Structures are given as structure tokens and as C-alpha cells.
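Protein chains: 6
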Amino acid sequence: MRDPNQQKSGDCNVTEIYFEDYVLDATRETLGRTITETDIVLHAGQTGDFFPHHMDAEWCKTQDFKLRMAHGTLTFSVAVGATATLVNPCAVSYGYDRLRFLKPVFIGDTIRVKVTITEKRDHKLPGHGLVCEQLEVFNQRKETVLVCTHLLLVKRRGA
Amino acid sequence: MRDPNQQKSGDCNVTEIYFEDYVLDATRETLGRTITETDIVLHAGQTGDFFPHHMDAEWCKTQDFKLRMAHGTLTFSVAVGATATLVNPCAVSYGYDRLRFLKPVFIGDTIRVKVTITEKRDHKLPGHGLVCEQLEVFNQRKETVLVCTHLLLVKRRGA
Amino acid sequence: MRDPNQQKSGDCNVTEIYFEDYVLDATRETLGRTITETDIVLHAGQTGDFFPHHMDAEWCKTQDFKLRMAHGTLTFSVAVGATATLVNPCAVSYGYDRLRFLKPVFIGDTIRVKVTITEKRDHKLPGHGLVCEQLEVFNQRKETVLVCTHLLLVKRRGA
Amino acid sequence: MRDPNQQKSGDCNVTEIYFEDYVLDATRETLGRTITETDIVLHAGQTGDFFPHHMDAEWCKTQDFKLRMAHGTLTFSVAVGATATLVNPCAVSYGYDRLRFLKPVFIGDTIRVKVTITEKRDHKLPGHGLVCEQLEVFNQRKETVLVCTHLLLVKRRGA
Amino acid sequence: MRDPNQQKSGDCNVTEIYFEDYVLDATRETLGRTITETDIVLHAGQTGDFFPHHMDAEWCKTQDFKLRMAHGTLTFSVAVGATATLVNPCAVSYGYDRLRFLKPVFIGDTIRVKVTITEKRDHKLPGHGLVCEQLEVFNQRKETVLVCTHLLLVKRRGA
Amino acid sequence: MRDPNQQKSGDCNVTEIYFEDYVLDATRETLGRTITETDIVLHAGQTGDFFPHHMDAEWCKTQDFKLRMAHGTLTFSVAVGATATLVNPCAVSYGYDRLRFLKPVFIGDTIRVKVTITEKRDHKLPGHGLVCEQLEVFNQRKETVLVCTHLLLVKRRGA
Numbered sequence: 001m002r003d004p005n006q007q008k009s010g011d012c013n014v015t016e017i018y019f020e021d022y023v024l025d026a027t028r029e030t031l032g033r034t035i036t037e038t039d040i041v042l043h044a045g046q047t048g049d050f051f052p053h054h055m056d057a058e059w060c061k062t063q064d065f066k067l068r069m070a071h072g073t074l075t076f077s078v079a080v081g082a083t084a085t086l087v088n089p090c091a092v093s094y095g096y097d098r099l100r101f102l103k104p105v106f107i108g109d110t111i112r113v114k115v116t117i118t119e120k121r122d123h124k125l126p127g128h129g130l131v132c133e134q135l136e137v138f139n140q141r142k143e144t145v146l147v148c149t150h151l152l153l154v155k156r157r158g159a
Numbered sequence: 160m161r162d163p164n165q166q167k168s169g170d171c172n173v174t175e176i177y178f179e180d181y182v183l184d185a186t187r188e189t190l191g192r193t194i195t196e197t198d199i200v201l202h203a204g205q206t207g208d209f210f211p212h213h214m215d216a217e218w219c220k221t222q223d224f225k226l227r228m229a230h231g232t233l234t235f236s237v238a239v240g241a242t243a244t245l246v247n248p249c250a251v252s253y254g255y256d257r258l259r260f261l262k263p264v265f266i267g268d269t270i271r272v273k274v275t276i277t278e279k280r281d282h283k284l285p286g287h288g289l290v291c292e293q294l295e296v297f298n299q300r301k302e303t304v305l306v307c308t309h310l311l312l313v314k315r316r317g318a
Numbered sequence: 319m320r321d322p323n324q325q326k327s328g329d330c331n332v333t334e335i336y337f338e339d340y341v342l343d344a345t346r347e348t349l350g351r352t353i354t355e356t357d358i359v360l361h362a363g364q365t366g367d368f369f370p371h372h373m374d375a376e377w378c379k380t381q382d383f384k385l386r387m388a389h390g391t392l393t394f395s396v397a398v399g400a401t402a403t404l405v406n407p408c409a410v411s412y413g414y415d416r417l418r419f420l421k422p423v424f425i426g427d428t429i430r431v432k433v434t435i436t437e438k439r440d441h442k443l444p445g446h447g448l449v450c451e452q453l454e455v456f457n458q459r460k461e462t463v464l465v466c467t468h469l470l471l472v473k474r475r476g477a
Numbered sequence: 478m479r480d481p482n483q484q485k486s487g488d489c490n491v492t493e494i495y496f497e498d499y500v501l502d503a504t505r506e507t508l509g510r511t512i513t514e515t516d517i518v519l520h521a522g523q524t525g526d527f528f529p530h531h532m533d534a535e536w537c538k539t540q541d542f543k544l545r546m547a548h549g550t551l552t553f554s555v556a557v558g559a560t561a562t563l564v565n566p567c568a569v570s571y572g573y574d575r576l577r578f579l580k581p582v583f584i585g586d587t588i589r590v591k592v593t594i595t596e597k598r599d600h601k602l603p604g605h606g607l608v609c610e611q612l613e614v615f616n617q618r619k620e621t622v623l624v625c626t627h628l629l630l631v632k633r634r635g636a
Numbered sequence: 637m638r639d640p641n642q643q644k645s646g647d648c649n650v651t652e653i654y655f656e657d658y659v660l661d662a663t664r665e666t667l668g669r670t671i672t673e674t675d676i677v678l679h680a681g682q683t684g685d686f687f688p689h690h691m692d693a694e695w696c697k698t699q700d701f702k703l704r705m706a707h708g709t710l711t712f713s714v715a716v717g718a719t720a721t722l723v724n725p726c727a728v729s730y731g732y733d734r735l736r737f738l739k740p741v742f743i744g745d746t747i748r749v750k751v752t753i754t755e756k757r758d759h760k761l762p763g764h765g766l767v768c769e770q771l772e773v774f775n776q777r778k779e780t781v782l783v784c785t786h787l788l789l790v791k792r793r794g795a
Numbered sequence: 796m797r798d799p800n801q802q803k804s805g806d807c808n809v810t811e812i813y814f815e816d817y818v819l820d821a822t823r824e825t826l827g828r829t830i831t832e833t834d835i836v837l838h839a840g841q842t843g844d845f846f847p848h849h850m851d852a853e854w855c856k857t858q859d860f861k862l863r864m865a866h867g868t869l870t871f872s873v874a875v876g877a878t879a880t881l882v883n884p885c886a887v888s889y890g891y892d893r894l895r896f897l898k899p900v901f902i903g904d905t906i907r908v909k910v911t912i913t914e915k916r917d918h919k920l921p922g923h924g925l926v927c928e929q930l931e932v933f934n935q936r937k938e939t940v941l942v943c944t945h946l947l948l949v950k951r952r953g954a
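Protein chains in written order, with this note's numbering: chain A, 1 to 159; chain B, 160 to 318; chain C, 319 to 477; chain D, 478 to 636; chain E, 637 to 795; chain F, 796 to 954.
Calculated from the structure, these hints are not laboratory results.
Be a bit skeptical, because a hint or two may be false.
Here are the simulated lysine-lysine pairs, PhoX-like style, with alpha carbons at most 25 Å apart [said to hold, decoys possible]:
#1 E/LYS756 x C/LYS421
#2 C/LYS421 x E/LYS760
#3 E/LYS697 x B/LYS301
#4 D/LYS632 x F/LYS898
#5 A/LYS124 x A/LYS155
#6 B/LYS301 x A/LYS103
#7 D/LYS591 x C/LYS379
Which chain D residues face chain A? A few, computed with CB under 10 Å, are given here [unchecked claim]:
#8 THR515
#9 PHE527
#10 GLU535
#11 ASN565
#12 ALA568
A quick note: this is a predicted structure, and the numbers were derived from the prediction, not measured.
Here a beta-carbon is modelled for each residue, glycine too, at the ideal position from N, C-alpha and C.
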């Protein structure tokens with residue numbers, strides 16, 4: 001258990017986790033996060049993607065989906081960010097595989113992310129292995145809206 | 160050529176491009192975009208990822224990379240957004256494959272994206288095909304910092 | 319027609335249009351953009367204008383217009399930005415004439431801009447001419463909410 | 478009275494007010510400011526506090542307070558900012574005492590601040606005194622949502 | 637003089653100024669405001685104008701002006717916002733004339749605005765007149781970077 | 796120890812800590828956070844405090860402190876936010892005492908927060924006690940820039 005009494009100076013939120021420490025099928029889940037109109041406007045502003053799917057409520061009314069939806073990169077970025085609660089100095093983000101947008105995320109939807117360690121494999125970089133985390137993003141109706149596989153390049157113990 | 164005299168009312172930036180219209184190996188390139196400290200602070204704010212790699216200049220000085228770097232999701236989102244210049248009502252974004260972070264992007268780096276149509280394949284959804292665009296993100300030193308493959312689900316003509 | 323297959327490396331979104339190329343009465347129209355509460359809060363934050371017309375929903379209820387309205391400079395900036403889809407290296411923005419706020423823009427209104435080339439005239443700068451674009455900003459009820467005339471200083475061919 | 482005709486070049490919004498000029502029990506009141514969803518999202522982004530009380534509408538529904546609420550530091554910052562209308566070169570902000578969060582501030586609440594000079598006392602810094610301003614923050618139902626005492630270190634005349 | 641002791645409850649920053657109260661040639665000057673990289677990135681995000689003049693430091697190096705410059709609408713909006721220090725319930729903003737961009741504003745430039753009442757004229761709206769304010773925006777080298785004329789529609793006394 | 800393998804579904808970052816669990820003199824320390832120009836511009840935008848101390852680099856050069864400094868409420872908000880890493884459903888924030896601004900925080904300074912449990916005392920609310928956390932905010936030169944005491948109202952076990 002992590003509690004405010006046991007934490008030592010300087011190591012709050014930082015924990016070394018080596019390749020060997022990752023356990024297949026282990027899962028964790030993030031806090032929920034409501035996607036707001038603000039998030040969409042800010043993400044359009046950050047990326048320059050002002051497509052009417054995100055920014056034109058009138059046009060959206062004429063489409064099948066009816067409502068402005070979050071950019072795929074917004075849902076992805078927020079989901080990934082939600083998992084970033086613990087700094088692991090032994091790992092770097094290597095990339096993502098099979099990122100899929102399964103359902104639209106609308107203004108007011110609340111997402112949460114379930115992370116599962118699905119694979120551990122060797123890597124050509126000496127002293128390292130590759131850990132695969134499956135990210136599943138759910139909305140408040142328990143529908144999966146986005147999935148992807150996060151590849152982490154992680155140091156081995158004693159390497 | 161697109162020019163202000165030929166544009167008709169209501170169709171600016173919207174063009175229907177069907178599955179058949181995509182040509183293998185065709186390429187386009189985006190405008191450049193300098194990644195600023197502001198982008199990193201805003202992206203941390205949007206995603207909640209305040210890892211010291213992005214937000215603690217003092218800690219970064221103690222690391223091999225020395226400088227605060229852009230979040231992977233930031234570079235990805237900005238790159239994808241830069242390609243979003245033309246609304247194609249026939250296409251929806253299906254997902255991304257093989258997203259890889261090849262080099263760090265630092266504050267002040269300027270990125271540009273080259274898009275190449277690399278594959279066209281059938282899809283189980285009747286009347287649609289899958290178009291694969293390779294996104295290559297370069298910095299001002301012509302180094303590739305990020306690659307990924309964008310999958311577009313596109314209507315076929317007459318479908 | 320602009321399509322992803324015909325674009326050459328490096329020239330996406332950049333087109334040289336000379337003074338002689340502009341055609342009187344030619345028009346184009348932008349995509350729609352919904353003005354959100356977020357836009358108003360961000361614009362107040364950027365400009366420092368926290369007048370109750372924009373920021374105090376309770377006070378607005380006591381006024382004739384009842385609802386928080388967009389800053390004039392917000393509607394103007396968003397409208398001008400919406401027209402900025404094509405970089406023309408031959409032109410620089412010279413200024414604006416007769417900017418008028420005709421109707422309030424409220425949270426949730428969706429605006430679109432119609433641009434018409436209304437005048438071409440000589441300019442004292444050798445090798446240049448002045449092109450006047452009329453910007454008309456409409457809301458979703460087809461009401462004109464803002465008009466202005468944009469003056470572009472444009473190179474002549476062979477100058 | 479301050480009016481646009483009486484203002485001299487360069488002194489707009491800047492007035493020297495010495496320790497002796499502050500009058501006990503004098504009060505002033507700020508303009509109103511509606512706290513928006515945007516403010517909460519931006520404040521989460523600035524501070525990194527993404528607690529579900531502020532960011533997860535679904536979780537909030539399961540709590541007694543039902544609705545997402547403003548961060549305490551948001552209400553405090555906006556309230557303090559609302560009082561910052563006049564630069565006094567004779568004063569610096571020394572700190573705050575007895576900051577209390579009395580009621581939650583929800584999205585859509587409009588706050589205003591009443592400032593009362595409640596105390597003037599000596600300070601060890603030669604030529605200065607301490608002025609205490611009581612800040613009371615009200616919502617649109619006249620409920621006090623936050624109180625605090627602002628300590629100003631102010632120059633004495635002739636010091 | 638405006639000071640914290642003389643202000644009455646509820647009227648801080650609000651003053652009724654009628655058409656007759658405006659004095660020709662009266663001037664006021666705003667506080668200074670440094671235009672930052674942040675302002676440019678936020679304004680691009682708000683307006684969707686990601687032109688390389690503002691967002692691509694590498695491209696700017698190849699141009700005569702060398703440095704990223706503020707959007708014209710940014711300088712205009714910030715300048716106008718800086719003048720918005722006093723709510724006058726008798727006036728509404730009618731529009732702007734002769735807005736001209738005289739010199740580029742670069743990151744790090746500090747602007748200030750001088751406002752001069754240059755004209756008072758009748759208006760067709762019964763009980764109102766038109767007041768013209770000249771806004772001159774200076775940088776830290778006392779160069780005029782932007783000018784415009786603000787038209788205010790103002791109630792007459794006893795109307 | 797907290798690691799990704801031991802976390803169960805739904806309880807990531809949420810831990811119940813009762814009044815009895817807090818241990819006097821226990822300390823924890825946050826990650827570092829560089830205060831950027833962006834933070835100051837955003838905080839001015841959120842609060843409406845555009846005082847030249849924060850926003851006018853030219854004026855700052857004429858003052859003893861020479862450089863634009865962070866708003867007190869910015870440093871306070873960021874510091875408090877940095878401590879918000881663990882949701883404790885047993886505690887609510889009651890307020891702050893003795894908030895003092897000891898040294899200015901400039902653009903580029905990196906702050907970290909040390910939290911020490913300094914006092915536990917009874918509270919009139921049945922079944923609750925008050926826990927006092929001292930927050931000390933340091934810059935990269937180990938100088939204390941801000942201190943305050945956070946009061947937490949915490950449930951007792953079995954209450």
C-alpha cells in the first residue's frame with residue numbers, strides 16, 4: 001500500500017520496475033475522465049484539425065452520428081496520459097501497435113482505461129526486453145471505444 | 160490547381176475521394192510546425208502526463224537526452240493534425256499500425272510529415288476498401304522522428 | 319481539383335496567386351465552426367477582456383441579450399482564421415476596413431465565412447496591387463453577424 | 478471618478494496607495510465571473526490535479542455533491558485575480574491567512590468577491606506596514622463559498 | 637482618483653459615461669503586454685491559422701523577416717483587450733475602421749496602446765451618438781505596429 | 796510498493812487513509828515541475844491578472860527583480876496540484892493557513908514540494924479529525940519560495 005507516511009523524500013511516484021518484474025495478465029485500471037467540449041476545442045487548437053466532425057455542431061446534426069465527436073488522437077492521448085501515474089526509470093515507450101477506433105467518443109462521455117500485460121518478449125537491444133501492454137478504453141456504458149497495444153522497452157535486472 | 164476564384168460556395172476544403180481514386184505511391188507533404196514549450200505544457204495539461212521527461216528541466220539535465228522532450232502522443236497528434244487539410248466525406252479513420260517513436264522531439268524542433276499511399280486492400284465492410292497511408296515525421300535535420308501507418312476505411316465508387 | 323495523389327512533395331497548401339490571378343466577384347466559403355463557451359473563456363484569457371458580457375452569465379440574464387456573447391475580436395479572429403487555408407507567398411495582409419458587428423454571436427452558434435473578391439486597385443508599392451476581399455460571417459440561421467473588408471497587398475506577375 | 482477623458486498618458490490602472498491611505502472597513506466589490514467547465518479543465522491542466530471530483534462526471538453522480546466541482550485553488554485563483562484591477566506600486570502581496578473552502582463551486586456558478594480592509598498593523602520592515610484585506614467570495618445565491626485574508630506589505634508615506 | 641477606500645459595493649470597474657462626457661483629444665494609455673510564443677500558439681489554436689509565418693521557425697529563417705510573427709488578429713485582439721478596463725453600460729462596440737498592420741510583432745515584443753478620442757458624430761439611432769477612438773499600438777522601440785479606429789455607439793444623456 | 800502487477804481493477808490511485816493512519820512527521824516529496832512562460836500566460840488568462848509583474852518584460856527590466864515572475868496563486872496552485880497524486884476518499888480539503896510568498900518564482904525555475912504531517916487535532920464534526928500538512932515549495936537552488944499549511948478534514952476509523 002502506498003500511503004503518505006511511508007513515502008521517503010524524493011521518491012514519490014517513481015519506482016524502478018524491471019523486465020522481470022512485469023507479470024503476464026496483471027491488470028490495472030485508471031481513474032475516469034470525462035471528455036468535454038473544452039478538450040475537443042483544445043485538441044483542435046493543438047493539432048490544427050478543425051474538421052467539422054469535431055467543430056461544427058450544425059453539420060454534425062446532418063450526419064448519422066449527430067453529435068460532435070472527439071478526435072481519435074484526443075481519445076488516444078487522454079487514455080495514454082491517464083495511465084502515466086508512475087514513473088519507471090527502467091522503461092521507455094517504444095511505440096504502439098493495432099490502435100483502433102471502435103466507437104465514437106462524444107462530449108460528456110467518461111472514459112477509463114484498463115491496462116493488461118499481454119506479452120513479454122526479447123529485444124535486440126542488449127539487456128532489454130519488450131513488454132506489451134494492452135490498453136482498452138471504455139466509456140460509461142462499458143463499451144470499448146479504443147484499443148491499442150503499448151510497447152515498452154524495459155531494462156533487465158543486472159543488465 | 161486550387162485558387163480562390165474557382166472555389167464554389169460551400170465546397171472549400173471538402174472533396175470526395177473514393178477508394179478507386181487513391182493511387183499507390185502518391186505522396187504529399189505538410190507544412191512545417193515548430194514544437195514549442197507551449198505545446199508540451201498544453202499537452203501535459205490535456206493528458207495529465209506530467210512526467211519529468213516533459214516538465215522538469217532540471218531533472219532532464221541529469222539524463223542522457225539533457226532536454227525536455229515532447230510526449231510521444233503530442234508528436235503523433237500534431238503530425239496527424241497537420242495532414243488534416245482536406246475533408247473527404249468518403250473516408251473514416253480506422254486506426255493506426257506500427258506507430259514508432261524513433262527519435263526524441265525537443266522544444267524548438269520543427270516537424271513536417273510526408274504521407275505516402277502504401278497499400279490498398281479489401282475490407283469486409285461491403286462497398287468499402289482499406290487505404291494505408293504511411294506517415295513519416297521529419298525534424299529540421301531530416302531525421303525521421305516518428306512513423307506510423309494510417310488506415311482509412313474508404314467508400315468505393317458506386318457502392 | 320486537389321487530391322492526395324496529385325500533390326507534390328513540399329507544396330501542399332502553398333500556391334502562388336498573383337494580382338492578375340484574382341477574379342472580381344469570385345467567391346469561396348469556409349467550413350463551419352461552432353463558437354463554444356471554451357472559445358470565449360480562452361479569448362478572455364488571451365486578451366484580458368473579462369467584461370461581464372462574456373464572463374458573467376448571471377449579469378447577462380438581466381440584459382436584453384440574455385446570454386453571454388462572443389467578444390467581437392473573437393468572432394473576427396475565428397472568421398479570419400477560417401479563411402486561412404491556402405498559403406499564398408505573393409500576398410501579405412495589409413489591413414481591414416469597415417469591420418462591423420451586426421449581431422451578437424452566442425455560445426453554440428455556428429459561423430461560416432463567405433469571401434468575395436470585391437475590388438482590385440493599384441498601390442503605390444511598385445509591382446504590387448491591392449485586392450479587397452469582402453468577408454461576410456453568417457450564423458446557422460443565415461443571419462449576417464459580422465462583415466469586414468480584407469485588404470491584401472499582392473505581387474504582380476513579372477514584377 | 479475614473480473616466481477616459483481624465484486619464485493621463487501612461488498612468489492608466491496604476492495608482493500609488495500608501496499605508497496611510499488605506500481606510501479600515503472600506504470595501505469594494507469585483508465584477509461577477511461564471512466558473513465554467515472550461516475553467517476546471519484548464520485548471521486541471523495547469524496544476525495536474527485530475528481528481529475525479531473535478532474531471533469524472535460519472536463518479537460525481539455517485540457522490541453526495543452529484544456534480545463536478547471547481548478545484549479549491551481554482552476558485553481561490555479566480556477570486557484573487559478578480560481583485561487585481563489596479564496596480565499599486567507601493568504594495569506587494571505578502572501572503573494569505575485562514576483560507577477556507579466553505580461551499581463547493583459548481584460549473585455554471587457565478588462568483589463575485591467583496592474585499593474589506595479589516596486591519597492595519599506595523600511590520601518589522603522599516604517604512605512599511607501590513608494591510609489585511611478580507612476576501613469573501615459569494616456565488617449567485619449569495620452564499621459565501623470561500624473566505625481568506627490577504628496580507629499586503631505596503632510602503633508608508635515619506636519612508 | 638480611484639482608490640480601494642472610495643469604491644462602493646457593486647460598482648467597481650463600472651462607470652456610466654454618456655456621449656456628452658467624451659472629450660475630443662482626451663487620451664489614455666494601457667499597461668504594457670509582452671507578446672509571447674504562448675500567445676501565438678494559443679491564437680493559432682483558437683483561429684486555426686497555422687500559417688508558417690507564425691508556426692514554422694525554420695521557414696521563417698528563410699524569409700526577410702527571419703522570425704515567427706504574431707497573427708494580425710492576435711495583435712489586434714490583445715490591443716483591444718488591453719483597453720477593456722472599464723465597463724461603460726452606455727456604450728456598445730459598433731465596429732472598427734482603417735485597421736492597418738504597420739510593422740510585424742515578434743515573440744518578445746512588448747506592446748502598449750494609446751487611445752485618443754478623435755471624433756464625435758451623430759448617429760441615426762435616436763438618443764445615441766458615435767464616438768471614434770483612435771487606437772495606436774506601440775512596441776518597446778516606440779514604433780507604431782498597428783492602428784485602427786474604434787467606433788462606439790454611446791447613449792446621450794436624457795435619451 | 797506500488798507496481799503494475801499488484802493493482803486491482805478500479806482502485807488505481809485511490810487509497811483510503813483514515814485519521815488514525817496519518818503519522819506525525821511523515822514526509823513525502825513531489826516530482827519537480829518547471830514553471831514556464833506558458834504557465835504564466837495561462838494563469839493570467841485564467842485569473843484575469845495581467846499585472847506587469849507577470850506580463851510586461853520591459854517594465855520588469857526596470858524593477859529590482861528584473862524578470863517576469865509567477866503569480867503567487869500560480870505557484871500555490873501548481874504546488875498543491877503536484878501533491879494531488881493519490882485520491883483519499885476519507886479526506887476533504889478544509890483550507891490553508893499561513894500561506895507565505897517567500898521568494899519570487901521566475902520563468903525557468905523548477906519547483907518541488909515537500910509535504911510534512913505536522914499536526915493532528917480534534918474537530919467538532921463527529922467522527923472526524925483535522926490533519927495539518929506543511930507544504931514547503933523549493934526551487935532548484937533549494938531556496939524555499941512558498942510555504943503553507945494544508946488542513947485536511949479526515950474520517951476516523953469506525954466513525
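**OP:** Would you mind confirming whether the straight-line C-alpha gap from E/LYS756 to C/LYS421 stays at or under 25 Å?
**Re:** With a Cα-Cα distance of about 23 Å, the restraint between E/LYS756 and C/LYS421 holds, given a limit of 25 Å.
Subject >> Hinted pair E/LYS697 and B/LYS301, Cα distance within 25 Å >> reply: holds (16 Å)
**OP:** Quickly compare the C-alpha distance for B/LYS301 and A/LYS103 to 25 Å and report which way the hint goes.
**Re:** Not satisfied, since the Cα-Cα distance of roughly 36 Å exceeds 25 Å.
Subject >> Status of the D/THR515 interface restraint (C-beta, 10 Å, chain A) >> reply: holds (4 Å)
Original post:
Given D/ALA568 as an interface hint, is the shortest Cβ-Cβ distance to chain A below 10 Å?
Top reply: Violated. Min distance 35 Å.
Original post:
Can we keep the D/PHE527 interface hint, with Cβ of chain A closer than 10 Å?
Top reply: holds (7 Å)
Subject >> Given hint E/LYS760 paired with C/LYS421 - CA-CA distance at most 25 Å >> reply: Judged against 25 Å, a Cα distance of about 17 Å means the pair holds.
Original post:
CA of D/LYS591 to CA of C/LYS379, is that 25 Å or under?
Top reply: This hinted pair holds, its Cα atoms lying about 21 Å apart.
Subject >> Given hint F/LYS898 paired with D/LYS632 - CA-CA distance at most 25 Å >> reply: holds (19 Å)
Original post:
Would the pair A/LYS124 and A/LYS155 pass a check requiring their Cα atoms to be no farther apart than 25 Å?
Top reply: Roughly 12 Å separates the two Cα atoms, so the pair holds.
Subject >> Satisfaction of the D/ASN565 interface hint, Cβ to chain A closer than 10 Å >> reply: violated (34 Å)
**OP:** Tell me if D/GLU535 is really an interface residue toward chain A, meaning its C-beta lies closer than 10 Å to one of theirs.
**Re:** This interface hint holds because 4 Å falls under the 10 Å limit.
Hint check: violations occur at hints 6, 11, 12; the rest are consistent with the structure.
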